[in-house]
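Chemist: Chain order of the listed sequences is A and B. Numbered per our numbering, the first sequence spans residues 1 to 291. Numbered per our numbering, the second sequence spans residues 292 to 442.
Not one of these hints is a red herring.
One side only, chain B facing chain A, incomplete, derived with CB under 8 Å:
id, residue
1, Glu324
2, Lys325
3, Pro326
4, Gly328
5, Asn365
6, Gln366
7, Arg368
8, Gly372
9, Asn373
10, Leu424
11, Gly441
Derived by calculation from the structure, the hints in this document are not laboratory data. These numbers were taken from a predicted model, which means no experiment stands behind them. Beta carbons are placed, not taken as given, at the ideal position from N, Cα and C, and that holds for glycine.
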Amino acid sequence: MRHIILFICTGLPLYFFGGLILKAQNSVIQPKIMVIPYSKSNQNMMQTFESNDLVRLAISKVKSGFESRNFPTVDFVSNMKMLSNDQAMEIENQTSIKQQLIEMSGADIYVEVETTVNRSSGGNSVTVILSAYDAYTSMTMSNETGVSDRFYTESFEKLVMKKVDEMMDNFLNTMNSRFEDIRLNGKSLFLNVGIREGSEKDMDFETKDGQSLSEIIESWVEANSFNGSYHIQGVTKSKIIFNEIRIPVKDANGNNYKSSQFVAALRKYLSGQDIETERDIQGNRIFISIL
Amino acid sequence: MKNVIIVLFLIFSGLMYSCSTKKLSGETISAKEKPQGLIEVTSKGYGSLKSESVNNAVHNAFTNILVYGIPQSNQKRPLLGNQAVQVFERNKKYFDKFFKNDLSSFILNQKVLSFNPTNITEASSEVWMEINLDALRRKLENDKIISTFGL
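For reference, chain B alone in the conformation it holds in the complex (with noise of 0.2 Å):
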């Protein structure tokens, strides 16, 4: 008996590190074409609590969108520009307080579609979100991340 709670305990513990590693992944895809100015994206999130991995899902969303862009969406392209990684590297604190405090304001709708934490292969949570892609535009041009349009 005290062997098997033994391996059980390990198997919990194993299962509990796979999923409370935040991490950085490609896992965003585009999830219907959307007209100018909006994008649909579904985004997976890794974390053991439902609240971390569904924030690490929306974290990741958005990471994707200004660093590398979303392929078959309207932001193909990364919406930090040519040099995104640089400009991301560059404005590190702004991107810190940025993912802290101003993401919920540009989604417009949110749902989570899976929450699985005992999953030791894939993400915990999968998220979609229609993200105002317009209005993040403005506020990076108007905080001077980016430029406007134009030369």
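Isolated chain A (complex conformation) (with noise of 0.2 Å):
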């Protein structure tokens, strides 16, 4: 009896509780969002998004839509805070200033919000461009393109919510079916293998195999990319791109597969014919130097 007590006590709770540690572990880490404003490349993008009261409501409305499929967005404004004026000025590119908000809020997928207003004797109108970006390799996850019908009114706020509501669930459904795409052909890598300054080495380097160092490369890709998928972006005597290598997201016992998994198992490999490597991972954007 002191047996079946014990067991219900301790055995049903581990038993129900591992279950739900377990399903924790397996489920699958989440790219994190972030919605930003348009700017080109010589216009301040905290500028244009406090001075912009429509590409405000327009992300607003953008991250709403997001939450409404259960999918919280990393805030814009916050980060920008924390990338502080002095750095900010710092960077005179605000290409760059892009480009630091992005490594900086950790964003695996940014989403640029665009208003134009459109005057015209026929009434006006508003148009909203949705563009989805992968941080680290750059493809585009969605694009949504609407102009709202003309009406002779200076509301444009309300031409604005009125467009991105009716845009959301494709602009949604277009970046859920790239997901699809990744849970079914693996998640993308970018891969940089370069040659440090003042190595002895470079891309024709013969190996203990009796290939080259760049042959060797390629094969190990080849054969640990997701099915065999990778593109080469180029091939010099001192470096070798990828600029797309698609990785499984989980590995074989349904855990989270991480890049830097990946880049250890290619350091892993590369040590045993005896070159040495440093990695600098950023999200999915990997950067190997030959020693």
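Since each chain sits alone in its own frame, please combine them into the complex, following the hints.
Modeler: This is the structure we're talking about:
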């Protein structure tokens, strides 16, 4: 009897909670999404945000669109504030500020929101452009353009709100179709393998296997990418760039497969070929230096 | 007189046959742009009885939303995802039950625009519907037919 009570007190909670923990471990880590205003290369992003009511409204509406699918987003303003004024002043190029912002926020995907007011004698309208990009590979995740009907009105806010509302379902559906593709065909990595300055090696360096360094790297990537899916942007004497390598979302045990694991495996392989390396991982963007 | 009756009988039989064939057609179009989570469509249906052809129109509307998507609407892509046809075929039993019992719970408004049982070349009914797309998606997500937004 004592054993039965002991089992009920300890065994059952362990069974249920163990199951929950296991489920939590196996759930896929979701990408972080940040919604930002579109700014031209010579425009200040924060200024665009603060001075343009329509963009602020559109961003807010896009964020609530994501939330309606139970997908919270990373806040643009708080991250922009973290990028201190001093830093922002140091970085003259606005494109670089955007890059810094994305890197600092840890966003995997960013959504750019652009609004334009169109005035004409036949009535006024607004144009809304929503574009989602993979922060590491710059590949488009979704793109939706909409022009509101023409009205004799100055309430552009209402036109923007209505248009974004009408566009959100299709915008999110296209993004979700990309996610579905990732689940089926693996997630994308960008890999740059370069020769560190001062190193005696180059990409034609003959390895233990008798093949050149670039050849063994490509063969390894082919063997270890998801279904052998990869694309080489270019190979020179000093570097080899893979602008897309597909790796699985989960490993054989059903756990999340991280880009760091892929890098560790490549470095281990290169080390076995007496090639020492250093690495720099920024999300799905990987830089490896051959020493 | 006898010949006239025979001819009339044959014509009537032909008409009844053409209308009684329930068929899946792509004649579902977006009626109006709607806010997030809603879709408004008009759909055509076939059948000799009014109820039968209206049900066929509703069935066609949902099948098109799930498997093919509706151009110029909030659901341009199939709701069942990139592999919609396979997902639909794989869960045939689920969808048979779904079409039989659950459709009405997602229809917010419905209006029969026309019913013309004697038309040979066209559908016998045209139905306008406002559908709660968000609730439909959530139901399919909860029933593990489609996955939730994200990876």
